[in-house]
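Chains A and B supply the protein sequences, listed in that same order. Using the working numbering, the first residue of the first sequence is number 1, and each one after it goes up by one. Using the working numbering, the first residue of the second sequence is number 1, and each one after it goes up by one.
Keep in mind the hints are simulated off the structure, nothing from the lab. There's no promise every hint is true.
Copies of the same chain are indistinguishable here, so a pair counts whether it falls within one copy or spans any two.
Distance condition first, Cα-Cα at most 20 Å in a straight line; then the derived EDC-like pairs of lysine to aspartate or glutamate [stated by the list, open to error]:
1. K32 to E266
2. K32 to D348
3. K158 to E123
4. K158 to E122
5. K32 to D286
6. K143 to E229
7. K32 to E123
8. K344 to E275
9. K158 to D348
Only a predicted model underlies this, so the values are computations on that prediction, with no experimental measurement involved.
Protein chains: 2
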Amino acid sequence: MDKEKPNILGWTCPRPLMNYPTIVMGHGAGGKMMADLIEHLFVPAFHNPWLGQMGDSTSLDLSTLFQPPSAGQLAFTTDSFVVSPLFFPGGNIGELAVYGTVNDLAMRGANPHFLSAGFILEEGLPMETLGNIVISMAAACRKAGVSIVTADTKVVQKGSAGGLFINTSGIGVIPEGVDIGPANARPGDLVLVSGTMGDHGIAVMSVRVGLSFETEIRSDSAPLNGLVESMRSAGEIHCLRDATRGGLVAVLNELAAASSAGIEFEESSVPVRPEVTAACEMLGFDPLSIANEGKLVAILPRESTEAVLAAMRTHEYGTNAVIIGRVVNDHPGRVIANTVIGGKRVVDLPAGELLPRIC
Amino acid sequence: MDKEKPNILGWTCPRPLMNYPTIVMGHGAGGKMMADLIEHLFVPAFHNPWLGQMGDSTSLDLSTLFQPPSAGQLAFTTDSFVVSPLFFPGGNIGELAVYGTVNDLAMRGANPHFLSAGFILEEGLPMETLGNIVISMAAACRKAGVSIVTADTKVVQKGSAGGLFINTSGIGVIPEGVDIGPANARPGDLVLVSGTMGDHGIAVMSVRVGLSFETEIRSDSAPLNGLVESMRSAGEIHCLRDATRGGLVAVLNELAAASSAGIEFEESSVPVRPEVTAACEMLGFDPLSIANEGKLVAILPRESTEAVLAAMRTHEYGTNAVIIGRVVNDHPGRVIANTVIGGKRVVDLPAGELLPRIC
Numbered sequence: 001m002d003k004e005k006p007n008i009l010g011w012t013c014p015r016p017l018m019n020y021p022t023i024v025m026g027h028g029a030g031g032k033m034m035a036d037l038i039e040h041l042f043v044p045a046f047h048n049p050w051l052g053q054m055g056d057s058t059s060l061d062l063s064t065l066f067q068p069p070s071a072g073q074l075a076f077t078t079d080s081f082v083v084s085p086l087f088f089p090g091g092n093i094g095e096l097a098v099y100g101t102v103n104d105l106a107m108r109g110a111n112p113h114f115l116s117a118g119f120i121l122e123e124g125l126p127m128e129t130l131g132n133i134v135i136s137m138a139a140a141c142r143k144a145g146v147s148i149v150t151a152d153t154k155v156v157q158k159g160s161a162g163g164l165f166i167n168t169s170g171i172g173v174i175p176e177g178v179d180i181g182p183a184n185a186r187p188g189d190l191v192l193v194s195g196t197m198g199d200h201g202i203a204v205m206s207v208r209v210g211l212s213f214e215t216e217i218r219s220d221s222a223p224l225n226g227l228v229e230s231m232r233s234a235g236e237i238h239c240l241r242d243a244t245r246g247g248l249v250a251v252l253n254e255l256a257a258a259s260s261a262g263i264e265f266e267e268s269s270v271p272v273r274p275e276v277t278a279a280c281e282m283l284g285f286d287p288l289s290i291a292n293e294g295k296l297v298a299i300l301p302r303e304s305t306e307a308v309l310a311a312m313r314t315h316e317y318g319t320n321a322v323i324i325g326r327v328v329n330d331h332p333g334r335v336i337a338n339t340v341i342g343g344k345r346v347v348d349l350p351a352g353e354l355l356p357r358i359c
Numbered sequence: 001m002d003k004e005k006p007n008i009l010g011w012t013c014p015r016p017l018m019n020y021p022t023i024v025m026g027h028g029a030g031g032k033m034m035a036d037l038i039e040h041l042f043v044p045a046f047h048n049p050w051l052g053q054m055g056d057s058t059s060l061d062l063s064t065l066f067q068p069p070s071a072g073q074l075a076f077t078t079d080s081f082v083v084s085p086l087f088f089p090g091g092n093i094g095e096l097a098v099y100g101t102v103n104d105l106a107m108r109g110a111n112p113h114f115l116s117a118g119f120i121l122e123e124g125l126p127m128e129t130l131g132n133i134v135i136s137m138a139a140a141c142r143k144a145g146v147s148i149v150t151a152d153t154k155v156v157q158k159g160s161a162g163g164l165f166i167n168t169s170g171i172g173v174i175p176e177g178v179d180i181g182p183a184n185a186r187p188g189d190l191v192l193v194s195g196t197m198g199d200h201g202i203a204v205m206s207v208r209v210g211l212s213f214e215t216e217i218r219s220d221s222a223p224l225n226g227l228v229e230s231m232r233s234a235g236e237i238h239c240l241r242d243a244t245r246g247g248l249v250a251v252l253n254e255l256a257a258a259s260s261a262g263i264e265f266e267e268s269s270v271p272v273r274p275e276v277t278a279a280c281e282m283l284g285f286d287p288l289s290i291a292n293e294g295k296l297v298a299i300l301p302r303e304s305t306e307a308v309l310a311a312m313r314t315h316e317y318g319t320n321a322v323i324i325g326r327v328v329n330d331h332p333g334r335v336i337a338n339t340v341i342g343g344k345r346v347v348d349l350p351a352g353e354l355l356p357r358i359c
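Please work from the sequences and hints to get the whole structure.
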């Protein structure tokens, strides 16, 4: 942990929040106790030039982000995080809340800048748990190069929020000329994934059901904005999507539908860790429908693929990047897999619940 | 209800979501069921030019909002809503979620434009309840002149979210030259409130404890951006704050602290409805510490007060606006009330919980 930064573990006596070993209703009531939580936890942890304004909203000067006369194009997104348990191999809810929103901005080709954080805390949540999650969010912000500039805290009665829920919303700037969107796939384009599929969902599920493997399955939770920036510099990209809830299968279906194009892919080309395959067989899941939190699917013109793929492979979050399929004229809106045993199957959007509360 | 707009009550057979009379876990899983909820409820209800993009984040063209070459100043805020019960006299959680964030933007002098909505739904929530809340959010957006441009849905197990929680974040544009902030109060300034104090908190609490009065106490839940715009046109304003959690007392303390100035006010000048006074006496509350959802506190130079007050009184949400006090050189950071019986008392930030889950 960064020694220079505020750290709940480093609080010296009198430890400002330790009169209350757990969150109580008063921490959300708008009075002195909530002010203490803000002053001694959120503000020092998330410290940045914008957060200290203490207004009802935070004022952001865009002139540092845009080159006038271009008023520019913003990307805006929101995501709530309800993952259970709060800590899992490879990450925790706070890190996920930062990276999830950073990635949603990056999938538009935007450079993420500003995040909001809305905490719904359950009465009885240990103060130390909250402290550790907040500190890990702050570290995730530094890693992704974003700032939490506005926040809110509510407290609900015991049993009403599984410990805590976090919402983050994010603002990014889409550089001039960048046009990446789900409707841009064209027949002839190639389909790439940035790495192994299913790690996050299976990591969370393994903890929940008490599965253990020789090799621990860790969440792939990571900020993808740096990877996307290298990809953009290397060549043209039509669509990007991080493969979260519903996994690869959901993303391919959404992109095929939005672009009114068909997508075909080789099941055997999709990278899956052997331990994830094993867990999926045991639990009856399809790894291609399992959530990831640090993997993206890209669709791009054939001619830029070589350069973009090379750029991905030199990036820490794209070392296993690979081409898995192509966009076709046939069956618009549908996704077809060439199966391992040589057949073809329609890969439809999963209906409903696979793994609840994995993000 | 607006007949032209989509309405869950107007769904014709086959009613697209009515296979599921209640929310089930699958509605949050990223598959077909979640796609149905988005397609048949959220998108038609919140319909606007930006929402249909269906990307991971929404792209917003600022050139329509700014006059180049000014790149401009944004306001950004977030708020989670956990009010219980979901419906109360004068409003519901959906309306509150829209107005709360609109008001936080307006308190910076910003014109609110774009909202995000993050829903955390509890398994078992009746589909019709969700439908009615969403429709009422859509109506609130029209009334406030804002658009929900990005959204997210999560579903958690029964008993984990009191029906539903909603987070909204908002983006507004601060017009050039506007500088309204909590640190701007100066000795000699006057302090105004826009109307009666305590209505919202007591309205919610009355339902919860089963109190009934001859005159029903209704929430004052309302969008204040129009009121603020008239105030801004009428004269200079130093500070604005909506008196939500912690009520007038919390706001005055926060402004006194942020501006390092003293504030003095006349208790007898603060407007409180007689039925709110009666309820507070019965429940042992101070109406000046009770949350409002459609009232603001303003601090402004003496010379602009007359014009601003006149503008407020002609606006539907400011008819009862009144001067209650002044900013003084003495006791910086502290708030003193001249009491009804002729004494003085220090009015400190309430410590912790007064009324839980009123917003």
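Results for each hint:
no., hint, result
1, K32 to E266, "neither (59 Å within a copy, 23 Å between copies)"
2, K32 to D348, "between (53 Å within a copy, 9 Å between copies)"
3, K158 to E123, "both (5 Å within a copy, 18 Å between copies)"
4, K158 to E122, "both (6 Å within a copy, 15 Å between copies)"
5, K32 to D286, "between (50 Å within a copy, 16 Å between copies)"
6, K143 to E229, "within (15 Å within a copy, 40 Å between copies)"
7, K32 to E123, "within (17 Å within a copy, 35 Å between copies)"
8, K344 to E275, "neither (26 Å within a copy, 71 Å between copies)"
9, K158 to D348, "neither (39 Å within a copy, 28 Å between copies)"
Hints 1, 8 and 9, counting from the list given before, are not met by this structure.
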